[in-house]
Structure formats: C-alpha cells, structure tokens
Amino acid sequence: MSRLYGTRGWILLGAFAFILFVAFPVLSLKVSEQSALHLSQYWVTLVGKIMCYAIVAIAMDLIWGYCGILSLGHGLFFALGGYAMGMYLMRQIGREGQYQSDLPDFMVFLNWKEYPWHWWNTEHFWYCALLVVAVPALLALVFGFFAFRSRVKGVYFSIITQALTFAAMLAFFRNAMGFGGNNGFTDFKRILGLPITTPGTRMLLFAATGFVLIATLLLARWIVTSKFGRVLTAIRDAETRVAFCGYDTVSYKLAIFVLSAVICGVAGALYVPQVGIINPSEMSPANSIEIAIWVAVGGRGTLAGAILGAGIVNFGKSFFTQAFPEYWLYALGLLFILVTLFLPRGVMGLLQRSAR
Amino acid sequence: MTLTAVAPGESSTLGRIASGELDTTHGAVLYLEEISVSFDGFKALNSLSLSIDVGELRCVIGPNGAGKTTMMDVITGKTRPDAGSAFFGQTIDLTKLTEAEIAHAGIGRKFQKPTIFERHSVFENLELAMKADKRVWRTLFSTLSSPQRDSIAETLRLIRLGDAADREAGLLSHGQKQWLEIGMLLMQEPKLLLLDEPVAGMSDDETERTAELFLSLAGKHSLVVVEHDMAFIEKIARKVTVLHEGSVLAEGPMAQVQNDPKVIEVYLGR
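Protein chains in written order, with the working numbering: chain W, 281 to 636; chain E, 976 to 1245.
Read the hints as simulated data drawn from the structure, not as lab findings. For each residue, glycine too, the CB sits at the ideal point set by N, CA and C. Hints are supplied without guarantee of correctness; some may be wrong.
Claimed, not checked - Label-pair restraints from in silico Cβ distances:
no. : chain 1 : residue 1 : chain 2 : residue 2 : range
1   : E       : A1140     : W       : L284      : 16 to 26 angstroms
2   : E       : T1000     : W       : H398      : 29 to 39 angstroms
3   : W       : L410      : E       : S1120     : 14 to 24 angstroms
4   : W       : A635      : E       : A1128     : 50 to 60 angstroms
5   : E       : A1128     : W       : F426      : 54 to 64 angstroms
6   : E       : W1112     : W       : F622      : 49 to 59 angstroms
7   : E       : S1148     : W       : L631      : 49 to 59 angstroms
8   : E       : W1112     : W       : A495      : 44 to 54 angstroms
9   : E       : E1143     : W       : L609      : 36 to 46 angstroms
10  : W       : T620      : E       : A1128     : 53 to 63 angstroms
11  : E       : G1040     : W       : R633      : 24 to 34 angstroms
12  : E       : A1128     : W       : L284      : 51 to 61 angstroms
13  : E       : T1066     : W       : A566      : 52 to 62 angstroms
Stated by the list, open to error - Restricting the straight-line Cα-Cα distance to at most 25 angstroms, the calculated cross-link-like pairs of lysine-lysine (DSS-like) are:
no. : chain 1 : residue 1 : chain 2 : residue 2
14  : W       : K433      : E       : K1018
15  : E       : K1053     : W       : K433
16  : W       : K433      : E       : K1088
17  : E       : K1195     : E       : K1237
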C-alpha cells in the first residue's frame, strides 16, 4: 500500500471513489429531477466518457511518459476494443432493428444472408470480452515485435503507428469488412439483457468505468514502482546502457506496449455502450494525437497527471464545442503550444511546484 | 511476494546462452582473431588479433581513429565484424550474440562518456545493474534480498558514494558519474571489464584512486582499459597494446613499447 501512494494520495483516491460510487448515483438516481442538486443523464454520460479517456491516458503515460515511446496509434486499440464490444451489442438487438431480421440492419442492407465468419460466437458476452483484450494485445504484439526488433525508435515509431491507425480506418470504412462501414455500429438496445438507455443501466456502466479507472491507476502505479518500472524509465533515458546491463530491451518495450494496448481496448469497450456508437472515425489519426496531448497537458510520467489532463482537455472540449464550436481546434492547438512552452511538466508539474 | 531474483552464484540464463562457468581452460578470457570492420570503405579494424588472459589488466592505447572504440563495439555486440572471429572463453562466439546476451555472459562495458541513469537514484542505478534474472516477469516481481542490499552497500563504499545513495544520479559530479558507472559494471559481476577512457574528466586525486581500484580488481576480473592519459597508463600498466590504423602495432611491457621506434613514430613521438 505505502509503495503505491502516501497517506495524502490514498485520501485523495478515497475522495475520488466516494464521488464516483456514492455522490454520483445518489444525485443522479435518488434526488428528484426538480431539485437543483439533481445530476442529469448528460453529466453521467459525459463524466463516464471522460473516465474512459482517462483510462486511455494512463495507458499512454505508461508507454510514453515512463518508457519514452510515443505511440500515435493508441486510438486504434481503443477503437478495436470498442468494436469488439459493439459486435456483442449488435447481437443483443435481436429482431428489434429496422428490418426485423436476425442480422444487423447494415447486413440486411448489403443483402447478406448470414453472419460473416468473424462474427462467430459474438452473441456471447464472454467471447466478446475476450476479443476486447485479445485483439489489441495480438496486434500490439505482432506490430511491436517487428518494430522494436528492427530498432524503430522515436519519431519513426510515432509515424508508423499513425500510418497503422490510418490504414485500419480506411479498412473499416469499407462495407465489405462486415463492420458497418462508415456508419459503424449504433442503435444498441440491451447489454447483458438490461435495457441500455435506462438511468439504472447507465449508472452501472458509469460505476464499472470508475472501478476500471481506479484499478488501472493502481495497477499502473504498482508497475512503475517495481523494478520493471525502473527498467522502463532507464530505457527511456539510456537504452544502450540498459542493454549493456544485460536486459533484453525488446521484450520490455513489447511487454509495456501490449499492456498499454490492452488497457486501451478495455477503455474502448466501456466507452461504446455509454456513448451508443462506434465508427471508424475513432481510428482517425487526429484522435490518437489528442491522446498524447492529454498526457502532455497533465504531465508525463505522473499517472495522476494523465487522468487530470484527459479531464481538463475533454471538459474544455465539451464546453467549447457547445459555446464556440468553430474555435475548439484553435483552443486545443493553443493549449498544446502553451503547455509545451511554459509547462514542460504539465499541470502536475505546476501543482508540485506550488505545493513546495 | 517472495519471488526474488536469482541469488548471486546461482546460474541464470538469458535466451540461448548456456548456463555454467565460462570455459577458460586455455588461460585466455578473450580471443580476437583477424577481425575486420569497415564503414563505407574506411577500415576501422584491419585484421586485428588480440588475446586477453584471465585476470590480466591490459591497457590499449593508440592515436585517434586507431579503432579502440570499434574494437569494444565488436566485443560487446554493438558492431558486427565483416570478417574474423571473437570468442569469450573457449566456447562463446561473441559475433552471434546480442548486447544483452553478451552482458549476461559476463562482459561489462564503460562508455567514453559516462552513461548512467540520470533520473534514478545512485542506489537504483546499482540495483538495475546488479546481476540477477533480468527477464521481464521476474523483474516485475523482484524484491531485494538482504545479501543483495549488502552487495549494493559494499559497492557504494568501494566507489565512495555511500553518502549519495539516494541522490539523483544526474546531480553527481563528472568524476562521481564515472565512478558510478564503474560501480554498475562491478554489480554485474563481470569476468571481463572493458573501460573506455575511465579517468577522462577526473581530478588528479580521483584518477589516483581509480588507479588503485583497477589494480585491486585485476586478478579477480580481467580488465581492458583504453586511455589517453599516459600518466594513468604508466601507473597501472603491465602489458600495453598499441593500436594503429585498425591493427596491433606493438605489444609488451610499457617500457618496451615506449622505446619501440614504430610506436614513437606514430604516437608517442608526436
């Protein structure tokens, strides 16, 4: 326990858990809608969504902040987890679609008569949950193995991961892939037999996301405080020396890349039932770059900063896109420049400095 | 969690290195034979042959561009030779192993510029270098045993950084960084140490102490020291190898080498 956080850290974490698991459910479900204290569905969905982003930000911080590998393809792993969950949700629609068919609407529209092979077994939750973890893991393992073994580093690694997510986006846009083309999956009705839009189910999804967020933070913290974590930072600072100390740096980089991809996949799976849609735009290169911005804003190599950064940027985004929709991208760009120039250690660096 | 790293003395393997003792039955720890390396037509090493005996302290000198650093790159797996063979003991073919495997087999290297983990504490630098099972899973669950703590403490004393154990390594003076890197090498319990300009940037006092340290290490370990500082070489040298244009120009006791007309012409005489 004390290896992970000091007393202050655990108190903050406890307060955070209290807000998520007590304050939110009570204010949203128990307090009447007329009351000023009532939390609307809008807030539950928004915060739930941002917590998914925060999980992704932790994954990004693990690999970028601690191991110095800037992956600009993490949006792909997130989307793959989302698609795996989406397949299950599509199967749960049953015959309630537009065409009242056993097949999802988009397949009826394409005149398909049966599920393609890769939809095998997707009516089972456990199988899709397995895909959520296995697909990002396998892709990261194969891609990372070749990239790290060939000693692809720095900006070159960032560029090929961008290319990877871009290529995947183009592939998923094609109807023939069997993932609903540019519309993706939407109009979900149920999850595990529960109607997906009721406040109760939404709160369950919200709580599950909060739980995974806290668990991910603690897992990541445990990793970075282990000797394995110290090897990761050593790789970031002096990779050659690490190799000459007798560590096989390729397996270390591969391990953290795969773990990071799996965390993104889980976040994507929690995201899709809450926002109710997954489509190939989640794989656009800009999305992956935004993940890096969250971490940079919060402060690299701090974990808590990643959560903070994801929160700040995304609340900002949701405010800006409503108040001044056309200026959001300028605001994001300006924020990134300001942080890079004046806060190289992000908001966490600022907090730590003022704490002293 | 009681999983600990491999205890000192217990053999550990990495990849395809066979466990067990290094086979040095013929008295030599390192054999280089007819090694050639060229970069874009420039012959950095030109059929270089060299052998280092067990427990020997060998000094390698030579003008800039003589191939000293390239030789170290070949021994540690950073550069592959175009021709020739490099053996560690009787059986380990260095040209077929990765850097990490070579480090595991028992060759430690100190770079010209001190290369330490600047953001880690001095203690953590030694911990990371320490001989242990260095595979991912074992490292994730590794905890320090008390003999391991003792061995780190002992090295801290040896390199005179006992008071600086918790200091961030990046904050050390240049000389202290050099010492820390030497300490990291010792933690690996190597059979052969390669030291590239170990006293560069050290004060006279520090240089003096480094010479003492190296002399005390010889016998237990084999050392190859590349240096420009002739005063330092004179202090520690037993057998000296002079490299010139990628091959051995002369070899022998310091006094003999110093009086060799070929050596005087290319190096010492200038």
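Against the structure, the hints come out as follows:
no. : hint                                   : result
1   : A1140/E <-> L284/W: 16 to 26 angstroms : holds (23 angstroms)
2   : T1000/E <-> H398/W: 29 to 39 angstroms : violated (59 angstroms)
3   : L410/W <-> S1120/E: 14 to 24 angstroms : violated (38 angstroms)
4   : A635/W <-> A1128/E: 50 to 60 angstroms : violated (33 angstroms)
5   : A1128/E <-> F426/W: 54 to 64 angstroms : violated (43 angstroms)
6   : W1112/E <-> F622/W: 49 to 59 angstroms : violated (41 angstroms)
7   : S1148/E <-> L631/W: 49 to 59 angstroms : violated (32 angstroms)
8   : W1112/E <-> A495/W: 44 to 54 angstroms : violated (21 angstroms)
9   : E1143/E <-> L609/W: 36 to 46 angstroms : holds (39 angstroms)
10  : T620/W <-> A1128/E: 53 to 63 angstroms : violated (42 angstroms)
11  : G1040/E <-> R633/W: 24 to 34 angstroms : violated (47 angstroms)
12  : A1128/E <-> L284/W: 51 to 61 angstroms : violated (26 angstroms)
13  : T1066/E <-> A566/W: 52 to 62 angstroms : holds (55 angstroms)
14  : K433/W <-> K1018/E                     : violated (28 angstroms)
15  : K1053/E <-> K433/W                     : holds (17 angstroms)
16  : K433/W <-> K1088/E                     : holds (22 angstroms)
17  : K1195/E <-> K1237/E                    : violated (34 angstroms)
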